[in-house]
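Protein chains in written order, with the working numbering: chain A, 973 to 1468; chain B, 973 to 1468.
Hints may be right or wrong, so weigh each one.
No distinction is drawn between identical chains; accordingly, a pair holds when it is met within one copy or between any pair of copies.
[What the hints assert, rightly or not] Simulated pairs of lysine-lysine, BS3-like, Cα-Cα distance not exceeding 30 Å:
| no. | residue 1 | residue 2 |
| --- | --- | --- |
| 1 | Lys1301 | Lys1334 |
| 2 | Lys1199 | Lys1324 |
| 3 | Lys975 | Lys1317 |
| 4 | Lys1334 | Lys1199 |
| 5 | Lys1101 | Lys1413 |
| 6 | Lys1167 | Lys1317 |
| 7 | Lys1199 | Lys975 |
| 8 | Lys1101 | Lys1368 |
| 9 | Lys1007 | Lys1160 |
| 10 | Lys1324 | Lys975 |
| 11 | Lys1150 | Lys1136 |
| 12 | Lys1324 | Lys1209 |
| 13 | Lys1301 | Lys1167 |
| 14 | Lys1007 | Lys1334 |
| 15 | Lys1342 | Lys1007 |
| 16 | Lys1160 | Lys1368 |
| 17 | Lys1199 | Lys1413 |
Since the hints were made in silico from the structure, they are not lab data.
2 protein chains.
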Amino acid sequence: MTKPIPHLYAVVLAGGSGTRFWPLSRELYPKQLLKVLGNQTLIQQTVLRVRPIVPAERTLVVTGAGHVDGIRIQLDGAAEVPKENILVEPVARNTAAAIGWAAEALRRLDPDGVMLVMPADHVIPDEAKFLRVVALAVEVAQAGKLVTFGIRPTRPETGYGYIKAVGRRPLLAQGGLKALAVAQFVEKPDLPTAKRYLRAGGYYWNSGIFVWRADTILEEMATTLPKLARGLIRMDKAFGTADESQALDQFYQTAESISIDHGVLQRSRRAAVIPAPFRWSDVGNWSTLNDVADSDRDGNIRIGRIVDLGSRDSILYGEQRLVATIGLKDMVVVDTADATLVCPKDRAQDVKQVVELLRRQKAPEHLIHKTVHRPWGSYTVLEEGPRYKVKRVTVKPGGRLSLQYHHRRSEHWVVTAGTARVTCGERVFDLHVNESTGIPKGTPHRLENPGSVLLDIIEVQCGDYLGEDDIVRLADDYGRTQTSLARWGRGQGEGR
Amino acid sequence: MTKPIPHLYAVVLAGGSGTRFWPLSRELYPKQLLKVLGNQTLIQQTVLRVRPIVPAERTLVVTGAGHVDGIRIQLDGAAEVPKENILVEPVARNTAAAIGWAAEALRRLDPDGVMLVMPADHVIPDEAKFLRVVALAVEVAQAGKLVTFGIRPTRPETGYGYIKAVGRRPLLAQGGLKALAVAQFVEKPDLPTAKRYLRAGGYYWNSGIFVWRADTILEEMATTLPKLARGLIRMDKAFGTADESQALDQFYQTAESISIDHGVLQRSRRAAVIPAPFRWSDVGNWSTLNDVADSDRDGNIRIGRIVDLGSRDSILYGEQRLVATIGLKDMVVVDTADATLVCPKDRAQDVKQVVELLRRQKAPEHLIHKTVHRPWGSYTVLEEGPRYKVKRVTVKPGGRLSLQYHHRRSEHWVVTAGTARVTCGERVFDLHVNESTGIPKGTPHRLENPGSVLLDIIEVQCGDYLGEDDIVRLADDYGRTQTSLARWGRGQGEGR
């Protein structure tokens, strides 16, 4: 179980925005990049969960340009996913296109490749059980099946699609697990239907986690989504030519925006389902945390600094500050650096309406956090006042901000940890803890961490305009890298 | 109505701590110092509400040493209350002692003095109506009565004492108002009793606002609280001698800790009540805000930046950050810089249990705010990290911090508004906006605002210990001033 499974590749779908997990998630910082439970972010958990059976170099991530920086930063450390394994979609076109691209790339690389498709932002606390299901699924996939992971319903949930299994004669059984043929995929049901499914048994939540051979899914696409399949073939033909980048753009421009469930699985006769013995949540909204997080004896999930008197069955989440609650019942309280949410659990799905409201009001809290991540590290706005702004800036070892200047603001830097290499006009010098310098308005400057530990500075900006857009970049280490099918394929072949 | 009433003095009782209004109030920053509703703090509202009929120099405040700085700062500006009018009790001994001291001081100053006794932290939105009641009360008080202000109950409240009036034959009637004799004072009743009072009519909430002649209350004290009355006479005899300060201490050491209600009013036959036509709240806990604050059409009181979907009859309070609420009913949500409270309205009185819990845990959030007020201005901790702390320091025009040094920390200052006069070792120099300086560890230094507008600096502290107690003061403008009965009396006599 803990050895790599030959020809198995992890394909992590990381395109989601996750407005329903606001205020923890933001439009520019979606759920997969967050530590919702535990010390790793959800995408790190997703990648490392299957690490015993899928090595780093066989881990692919498909995402959009907006999140690629954040994902690269997070998968650079313990996860060690090669940068070239991150496939960047020019535009988002739902899961069928993303999976099609990954399958096409995989088949070229390894004609016997098997894909373990996983959304980047699910929580599965029982890793060993999950890996056993994957192992069985790979065997079933080798027989040409499209294997889905079905979750046994614990409540009449109306937010998920359901899979109805053919109960008799499993396709394969092994160690208490069995793979069943799929009788039917069912769209999100209404409440009476969901209750009927729960009573009847044999219906499973569609987890969105799949295992199949790359060639199998491409074959099925050819019959169920012929236009998309033809697009993939055209793109594949351009591989290795000067047109490959253009071919990728063209495919995405014309690709149908449809999910793999609607586009392929519902129309296929090869679908199988393995009822999963593990706890699972798509953390689709705050109330779903109950499916995977441990609660206290009063049924409360408590994360952070919570002082409570007699609350029950509530989700209490404090990011930094103290949260005091009294006598709550079935409530959600989420307290973050710049926004707080309070709602009953059964209204948790309406958080997306709040986010929509904030978007229309152009409130920054729908878009970004107080802490903004950058390729070189991160910054946190500590305070904004009239004509000044205070930030904590953290630079990773070896990290370097762009050589830049500002038209309308001066900056004052005080080093509070590590060593800063400062370029200010013609001078280059090092600043240590408890040393400070000033950057006059209009002077080209650069901040760099030449050391092996994190560099922290406090930056005080003064000026009549302090927007992030007053920045003229003269040179930058982190120009957005063009990642394409071709590069990914070559990257694999050539090693990194 | 809007001319000063001869011989009328305002006596503002400002000893309260207000744990039930946490997290807005803190042990070291009680409710009277807060802007709960409107642009003035409650003590400012209290003093300015009666300003049309009580000039500043006839306004007295009785408080403890812990809050005197905060009160002086707040009553210095628009309220213009002379510093010497603030009576500082050596220890808190409930309202009978505080009122006794004020009455003794007043009688000496003005033998015909009439006291309008008001808690510093009540909200009364209808100023004109309030002043009409005071005018009537003064007339009744001149006839030797102890006049209480009774609030018509709107619900069977069990948190207040009640006053039962003698319904027939008012003592005095005037412009729709009438003063009635008191049949009985009733302790906080249980719920069935409170409901009975509400149905029966003729019962009023005891607002804790009183009007009487100083000589009347002292006469009544002589019979109802003879020991306390004797203590007052002893203290009065020491007035103007070298022993006056000691006499004050001695009085407070031995004074019985009892409220004026229990100690005098319940035992007196001179009590009268005027049913008050104004809205009133002691803001004793968050749910009482409903008695005085305007609500939206869904019954919500919304203060701050609130985004709501469909909540009803809730109190939503955001100090700075965004608060999003969905589908709440009868809830209280209070969001402050360092702590958030969520509870049902009917549990609002249990907030004091949360504060007690925090006190036992030695959590700073029960004691202080992120912003701490000082005689020279205030500071706000923006961030604390390992070996550094960031503060915004605001100094009032003319304000000057002590000449001080620190054993374990250096400081970096950046001016973001106003002009700073900096003493650093032997040097004295001015810093303007966008200029900075560093204060090395161990160097005597001082920060001063020589200008006529607020001075704001950002201070970054670096060191291995950053506690507020690492401060050696070499000179200070704000040594705690000894305020005593004698000084107050003299202050009045001599003018200020």
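- Query: Quick one: Lys1324 to Lys1209, C-alpha cut-off 30 Å, is that within a copy, between copies, both, or neither?
  - Reply: Neither, since 41 Å and 72 Å both go past 30 Å.
- Classify it for me, Lys1007 with Lys1334: is the Cα-Cα distance of at most 30 Å met within a copy, between copies, both or neither? Close inside one copy (26 Å) and across copies (29 Å); limit 30 Å.
- Within, between, both or neither: Lys1199, Lys975 at alpha-carbon 30 Å: neither (39 Å within a copy, 88 Å between copies)
- Query: 30 Å Cα cut-off: does Lys1101 pair with Lys1413 within a copy, between copies, both or neither?
  - Reply: So Lys1101 and Lys1413 fail the 30 Å test inside a copy (58 Å) and across (58 Å) alike.
- How would you label the pair Lys1160, Lys1368 (within, between, both, or neither) given a Cα cut-off of 30 Å? Cα proximity of Lys1160 and Lys1368: none, with 44 Å in one copy and 62 Å across.
- Query: Is it within, between, both or neither when you check Lys1150 against Lys1136 at 30 Å Cα-Cα?
  - Reply: So Lys1150 and Lys1136 pass the 30 Å test inside one copy only (14 Å; across, 78 Å).
- Using 30 Å as the alpha carbon limit, work out where Lys1301 and Lys1167 are close: within a copy, between copies, both or neither. This pair counts as both: shortest intra-copy Cα distance 24 Å, inter-copy 28 Å.
- Message: Within, between, both or neither: how does the pair Lys1342, Lys1007 come out at a Cα-Cα threshold of 30 Å?
- Response: both (16 Å within a copy, 27 Å between copies)
- Message: At most 30 Å between alpha carbons: which applies to Lys1199 and Lys1324, within, between, both or neither?
- Response: Neither, since 33 Å and 67 Å both go past 30 Å.
- Query: Given identical chains, is Lys1334 near Lys1199, meaning Cα to Cα at most 30 Å, within a copy, between copies, both, or neither?
  - Reply: neither (38 Å within a copy, 66 Å between copies)
- Task: Indicate which option fits the pair Lys1167, Lys1317 if close means a Cα-Cα distance not exceeding 30 Å: within, between, both or neither.
- Result: within (19 Å within a copy, 35 Å between copies)
- Copy assignment of Lys1007 with Lys1160, given that the CA separation must stay at most 30 Å: Result: close within a single copy only, 28 Å intra versus 49 Å inter.
Checked against the numbered hints above, the structure breaks hints 2, 3, 4, 5, 7, 8, 10, 12, 16 and 17 and satisfies the rest.
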